[in-house]
Amino acid sequence: MQDKLFRSCLFLSAIVIPLIGGGILLSLTADASGAFETFGFWHFICSDQWVTTAGQENYGALPFITGTLLTTLLALLLCIPFSLPVALFTGEYFRGRKIATVLGTVTDLLAGIPSIIYGLWGFYVLRGVFMHLGLSPQGSGILTASFVLSIMIVPYAASLSAEFIKMVPSDLKEAAYAIGATRAEVIRRVIFPVAGPGIFSAYILAIGRALGETMTVTMLIGNTNQLPDTLRTTGNTMASIIANQFGEADGLKLSSLIAIGLLLFLITAVINMIGKLLIQRARHV
Amino acid sequence: METIKDPVLRLKDVCISYTAGTMAVKHVSADIEKNSITAIMGPSGCGKSTLLRAINRMHELYKNIRVTGEILLGGENVLQMEPMEERRKIGMVFQRPNPFPTMNIYDNVLAGYLLNGIRLSKSQKDDIVERHLRGVALWDEVKDSLTKRGTFLSGGQQQRLCIARALALQPDVLLMDEPTSALDPIATKHIESLMDNLKKEVTILIVTHNMGQAMRISDRSMFMFLGELVEYDKTNVLFEHPRDERTRSYLTGKMG
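Taken in sequence, the protein lines are chains A and B. Take 2 as the starting number for the first sequence in the working numbering and just add one per residue. Take 3 as the starting number for the second sequence in the working numbering and just add one per residue.
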């Protein structure tokens, strides 16, 4: 009897989270329907208009979808040269040594820094550097935001990649050493090919993080509602436009912002699902 | 035992320790005859694999393992050679078959060349692959599936592929670390039957804890116990007239 009671309590608590998740999805869909009905689903996605003047209101998500995908992709590319060496050091070169633990822990600490701190650092330090270097006329923009994003996702990519690098069987590495391979050759011809699927999935999960990052990007991207034509220009991501404008939005504009939120939710969910699936498959090899 | 004329490999006072103060291999000295098969026997933990792995310097991949003494290959101390170069002259076959899973059968045979960045023409490659797969009696079984991954083969076939991979670099010495312990009896027999032919090309040192295997395939045998080389002689002499009490009790099954 007691056992049954305990079980039902557990069940009730456990079911709350999926219910809340479903509820979020439902209310997002309900509130977004206004925008989708007014502009049409595909038209809303493909339109680059963002006119807030009363009576001529016209909203489209394209600049923000582009901004999100562009910053994420750029962050991913910029993050590889930082995260892959860290993964190789902790997972292979200094594996099991103190220095690997220190390096791994410090890298993991990056994940614990609140994004507002990254935003502040980017705003007050990096922006000036980028202006000085002539990389960006105003300092803020797609490039600046992507750069800071790339640092933020390093710990996710690095620690998971290191895990897969550690999983490469030592007898395979020994086999390569036994035929006279150097460490660099073992890494290139044995470790990367074998750990490759796992490393790939680590980067997919890192992408999942970058897609939804809001605070840092909002502070650094410049917040303009146009389709970015170069990496130096300012823009907005799906997350940053919502953060910027939801406070004074109502009616159709609010519905459009919520619609962008729904799209972001879906993109992030799909990417995360793909990443998790790939990790599962890579673990079974 | 009789002295070995013109040994290809000489171990002189080899000591190996994993942690300072405790020796896993103690003062082992032995000469290895060219083009022969030498079996290293002994109970688990006697240091036989540790000794074998010192010869191609596998211990250097791990920290804290110290090897002292001399290991002479053709008069040159391998402990002072460039390890990459040395390992190409001393091939190794491991306990579990370990073909490279991301390479096909053809590339697995050539792995020594591919990993070392040695360029070969297509006909040279074809020739090396065919010759060495024939050498391990695998050619007829895989000649139509050379582009398949090596891991599709059975365990015994994989192990023969690994032997071909080691021999493709034409080493002077082949180290085999219990190469059949993960295989079924038929695959084991298959590999044992190859070895008589292989020793024409290469000097073989094989670690085994299977006495029958040592008796069947080896010319000479070593018996190790607690890190010591207790006895080393022609295999038939060692099996029929062991001089040391410890060898005798191992061979009669009282210890192991």
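Hint data in this document are derived by calculation from the structure and do not stem from the laboratory. Every value quoted in this text rests on a predicted model; they were computed, and no experiment measured them. Be careful, since some hints might not be right.
Simulated pairs of lysine to aspartate or glutamate, DMTMM-like, Cα-Cα distance not exceeding 20 Å [said to hold, decoys possible]:
| id | chain 1 | residue 1 | chain 2 | residue 2 |
| --- | --- | --- | --- | --- |
| 1 | B | LYS91 | A | GLU175 |
| 2 | B | LYS36 | B | ASP198 |
| 3 | A | LYS174 | B | GLU88 |
| 4 | B | LYS65 | A | ASP32 |
| 5 | B | LYS65 | A | ASP172 |
| 6 | A | LYS99 | B | ASP15 |
| 7 | B | LYS91 | B | ASP146 |
| 8 | B | LYS14 | B | GLU132 |
| 9 | B | LYS256 | B | ASP221 |
| 10 | A | LYS174 | B | GLU87 |
| 11 | B | LYS256 | B | GLU242 |
| 12 | B | LYS36 | B | GLU62 |
| 13 | B | LYS202 | B | ASP246 |
| 14 | B | LYS236 | B | ASP246 |
| 15 | B | LYS28 | B | GLU84 |
| 16 | A | LYS174 | B | GLU242 |
| 17 | A | LYS167 | B | GLU88 |
| 18 | B | LYS28 | B | ASP246 |
| 19 | B | LYS14 | B | ASP198 |
| 20 | A | LYS254 | A | GLU93 |
| 21 | A | LYS174 | B | GLU35 |
| 22 | B | LYS7 | B | GLU87 |
| 23 | B | LYS236 | B | ASP186 |
| 24 | B | LYS28 | B | ASP8 |
| 25 | B | LYS65 | A | GLU93 |
| 26 | B | LYS91 | A | GLU93 |
So these bits of chain A aren't anywhere near chain B, every CB distance computed over 12 Å [said to hold, decoys possible]:
| id | residue |
| --- | --- |
| 27 | THR30 |
| 28 | ILE81 |
| 29 | ALA182 |
Glycine included, each C-beta is placed from N, C-alpha and C at the ideal position.
Please write out, lowest number first, the hints stated earlier that are contradicted by the structure. Of the numbered hints, 4, 6, 7, 8, 9, 12, 13, 15, 16, 17, 19, 20, 21, 22, 23, 24, 26 and 29 do not hold.
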